Amino acid sequence: MTQHLTDEQPATYNEWLDAIAANEGFYLESPEGHGSLPPRRVCPHSGSTDLTQKPLPETGIIETYSVVHVAAETFSEDTPYINAVVDFGPVGLTGVVRGVDAGDVSVGDEVRVTIETRETTDDRLVVFRPA
Amino acid sequence: MSTVRIAGVGLTPFGTHGDRAGRELFAAAALAAFEDAEVDRAAVDQLNYGNFMGALTEHQGHQAPLMAEAAGLSCPAMTYEDACASSGAAIREAVRTIRSGEADVILAGGMERMTTLDTGEATAALAIAADELYEVRGGVTFPSAYALMAQAYFEQFGGDREDLAHIAVKNHANAVDNEYAQYQSEITLERALESPPVATPLHLYDACPISDGASAVVLVSGEFAAENEINAPVSITGTGQGGDNLALQDRETMAETPATATAATEAYADAGITADDVDVAEVHDCFTIAEVMAIESLGFFEPGKGITAARDGKTTADGELPINLSGGLKAKGHPVGASGGSQIAEVTHLLRGDHPNSDAVTDATVGLTHSAGGTVGSAVVHILEVDQ
Numbered sequence: 001m002t003q004h005l006t007d008e009q010p011a012t013y014n015e016w017l018d019a020i021a022a023n024e025g026f027y028l029e030s031p032e033g034h035g036s037l038p039p040r041r042v043c044p045h046s047g048s049t050d051l052t053q054k055p056l057p058e059t060g061i062i063e064t065y066s067v068v069h070v071a072a073e074t075f076s077e078d079t080p081y082i083n084a085v086v087d088f089g090p091v092g093l094t095g096v097v098r099g100v101d102a103g104d105v106s107v108g109d110e111v112r113v114t115i116e117t118r119e120t121t122d123d124r125l126v127v128f129r130p131a
Numbered sequence: 132m133s134t135v136r137i138a139g140v141g142l143t144p145f146g147t148h149g150d151r152a153g154r155e156l157f158a159a160a161a162l163a164a165f166e167d168a169e170v171d172r173a174a175v176d177q178l179n180y181g182n183f184m185g186a187l188t189e190h191q192g193h194q195a196p197l198m199a200e201a202a203g204l205s206c207p208a209m210t211y212e213d214a215c216a217s218s219g220a221a222i223r224e225a226v227r228t229i230r231s232g233e234a235d236v237i238l239a240g241g242m243e244r245m246t247t248l249d250t251g252e253a254t255a256a257l258a259i260a261a262d263e264l265y266e267v268r269g270g271v272t273f274p275s276a277y278a279l280m281a282q283a284y285f286e287q288f289g290g291d292r293e294d295l296a297h298i299a300v301k302n303h304a305n306a307v308d309n310e311y312a313q314y315q316s317e318i319t320l321e322r323a324l325e326s327p328p329v330a331t332p333l334h335l336y337d338a339c340p341i342s343d344g345a346s347a348v349v350l351v352s353g354e355f356a357a358e359n360e361i362n363a364p365v366s367i368t369g370t371g372q373g374g375d376n377l378a379l380q381d382r383e384t385m386a387e388t389p390a391t392a393t394a395a396t397e398a399y400a401d402a403g404i405t406a407d408d409v410d411v412a413e414v415h416d417c418f419t420i421a422e423v424m425a426i427e428s429l430g431f432f433e434p435g436k437g438i439t440a441a442r443d444g445k446t447t448a449d450g451e452l453p454i455n456l457s458g459g460l461k462a463k464g465h466p467v468g469a470s471g472g473s474q475i476a477e478v479t480h481l482l483r484g485d486h487p488n489s490d491a492v493t494d495a496t497v498g499l500t501h502s503a504g505g506t507v508g509s510a511v512v513h514i515l516e517v518d519q
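Residue numbers (my numbering), protein chains in the order written: chain S, 1 to 131; chain V, 132 to 519.
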């Protein structure tokens with residue numbers, strides 16, 4: 001009978017944030033080469049459970065963005081802010097673009113990812129800044 | 132396999148219902164449905180109930196048995212939660228259960244109270260349909276998620292805010308004579324364009340309102356209808372469901388909604404029809420861009436061609452394929468858990484010829500409903516056909 005080790009906790013979301021903050025960002029790769037982000041036990045593309053940590057590419061490309069004027073209470077003092085999905089090759093990341101005026105952001109802009117905090121609360125936030 | 136007939140439908144008006152409790156709203160819709168159906172409440176085998184955020188807005192979980200009690204039913208009841216597709220999913224499971232022979236009469240529908248929250252609270256509550264770790268903590272709101280999709284669509288296919296504004300103008304015009312609509316008022320293109328931004332490129336008039344409301348549908352087997360001489364000319368002949376990654380960042384594309392395409396393909400095959408056979412449709416237009424992506428993924432328009440459908444008059448009341456003759460979520464309102472059932476009610480009235488906009492589709496025999504959860508991480512499609 002195959003025994004599955006379920007007590008080995010894969011990387012958590014907070015550990016992933018810690019890694020980016022330490023400039024050691026990573027993603028999870030399956031043997032087929034698909035990327036995903038923690039917490040994961042199964043690759044969403046291939047179904048493989050053999051996931052290994054790989055370095056996150058240093059820069060990504062803004063795939064789409066929106067300037068948010070009406071936010072949830074937890075982001076109320078951050079408005080207006082630029083929401084974006086950024087293509088880092090094997091994985092996409094979602095967060096807030098800083099260091100660029102709202103009128104100057106464009107799809108295709110190259111950015112790097114950092115961990116900062118919201119204006120409204122002390123919660124950590126995935127932030128993209130110009131590369 | 133049993134056919135599934137729509138014996139009756141009931142709605143409350145959508146809008147702001149003050150301090151009315153959700154249970155009383157659902158009871159009102161259910162009683163209206165039973166009156167329309169002329170079916171005895173004692174005949175109901177089960178309640179399939181849709182609700183999304185009742186635990187946040189009314190601090191009420193475990194709603195299904197409460198709703199059964201409120202509607203005067205003595206039967207098992209279960210809540211279906213699929214975000215904005217909740218009652219669409221509840222109805223789909225009712226169809227499958229009746230077809231299996233396990234039940235003859237099911238009350239299906241849903242309810243949502245939302246105006247108990249202020250705008251910030253409602254924005255936060257709606258966002259729980261998104262990925263909490265990777266989207267909500269990254270500042271994504273329900274409007275900004277659709278804004279990200281809209282911008283991706285514009286980048287891939289073109290289009291602009293004015294194209295979207297034509298959809299808002301169309302759906303508001305459709306709602307004028309609908310007594311159940313939250314906004315029975317027309318708007319101008321200029322008013323839509325000049326409304327304040329919510330999450331660019333989406334502005335206030337691109338968004339559906341915050342709404343309270345309930346919907347209920349009495350579904351019966353063909354055998355039950357025949358034995359009890361129930362006048363139920365409209366049947367649900369096709370059902371389909373699709374899913375996608377919850378987070379936009381994990382999808383192959385943000386400019387299309389493959390979960391809708393999957394649901395539509397299944398529903399068309401189930402009914403033995405194609406997209407070309409559909410005469411009228413109610414689609415999930417929580418934002419104007421959502422209608423564009425829906426009519427493309429449903430196969431009514433090629434990818435990239437749906438953006439100008441309203442502007443070109445193809446989907447207006449007098450167009451070749453009227454879309455959202457009820458006013459849609461945009462103008463009729465969007466009490467999340469009730470919307471899927473509301474679409475079934477609206478298309479039933481349109482096909483029976485007793486809808487205020489039935490004159491726009493006098494020869495219609497095939498209708499479609501499409502409801503979507505979140506950013507179309509879930510989608511449910513139904514085909515309705517009326518006896519010739």
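Please keep in mind that the hints were generated in silico from the structure rather than gathered at the bench. Note that the structure is predicted; figures quoted are calculated from it, not measured. For every residue, glycine included, the Cβ atom is placed at its ideal position computed from N, Cα and C. The reader is advised that the hints may include incorrect statements.
Computed list of chain S residues with no C-beta within reach of chain V, every gap over 12 angstroms [as the list claims (entries may be wrong)]: (1) Glu24; (2) Glu32; (3) Asp50; (4) Thr59; (5) Asp78; (6) Arg118; (7) Arg124; (8) Arg129; (9) Ala131.
Quick look at which bits of chain S chain V covers, simulated, 3 or more residues with Cβ under 8 angstroms [stated by the list, open to error]: (10) 63 to 71; (11) 88 to 94.
Hint check:
With a cut of 12 angstroms on Cβ distances, glutamate 24 (chain S) stays outside the contact zone with chain V, its closest approach being about 19 angstroms. Every C-beta of chain V lies more than 12 angstroms from that of glutamate 32 (chain S), the closest at about 15 angstroms, which supports listing it as non-interface. Under the 12 angstroms C-beta cut-off, the non-interface status given to aspartate 50 (chain S) relative to chain V holds; the minimum distance is some 19 angstroms. Non-interface call for threonine 59 (chain S) relative to chain V: holds, since the shortest CB-CB distance, roughly 16 angstroms, exceeds 12 angstroms.
Against chain V, the non-interface label of aspartate 78 (chain S) is violated: not every CB pair exceeds 12 angstroms, the least being about 7 angstroms. Annotated as non-interface, arginine 118 (chain S) brings its C-beta within 12 angstroms of a C-beta of chain V; the closest such distance is 8 angstroms. Once the 12 angstroms rule is applied to beta carbons, arginine 124 (chain S) is inconsistent with being away from chain V; the minimum gap is 8 angstroms. With 12 angstroms as the threshold on Cβ separation, the claim that arginine 129 (chain S) sits away from chain V holds: the shortest Cβ distance comes to roughly 15 angstroms.
With a least CB separation of 19 angstroms from chain V, alanine 131 (chain S) remains clear of the 12 angstroms interface cut-off, as annotated. Counting residues of the segment 63 to 71 of chain S whose beta-carbon sits less than 8 angstroms from any beta-carbon of chain V gives 9, enough to reach three: the coverage restraint holds. With 4 residues carrying a beta carbon less than 8 angstroms from a beta carbon of chain V, the segment 88 to 94 of chain S meets the three-residue requirement, and the given coverage holds.
The structure fails hints 5, 6 and 7 (numbered hints given earlier, in ascending order).
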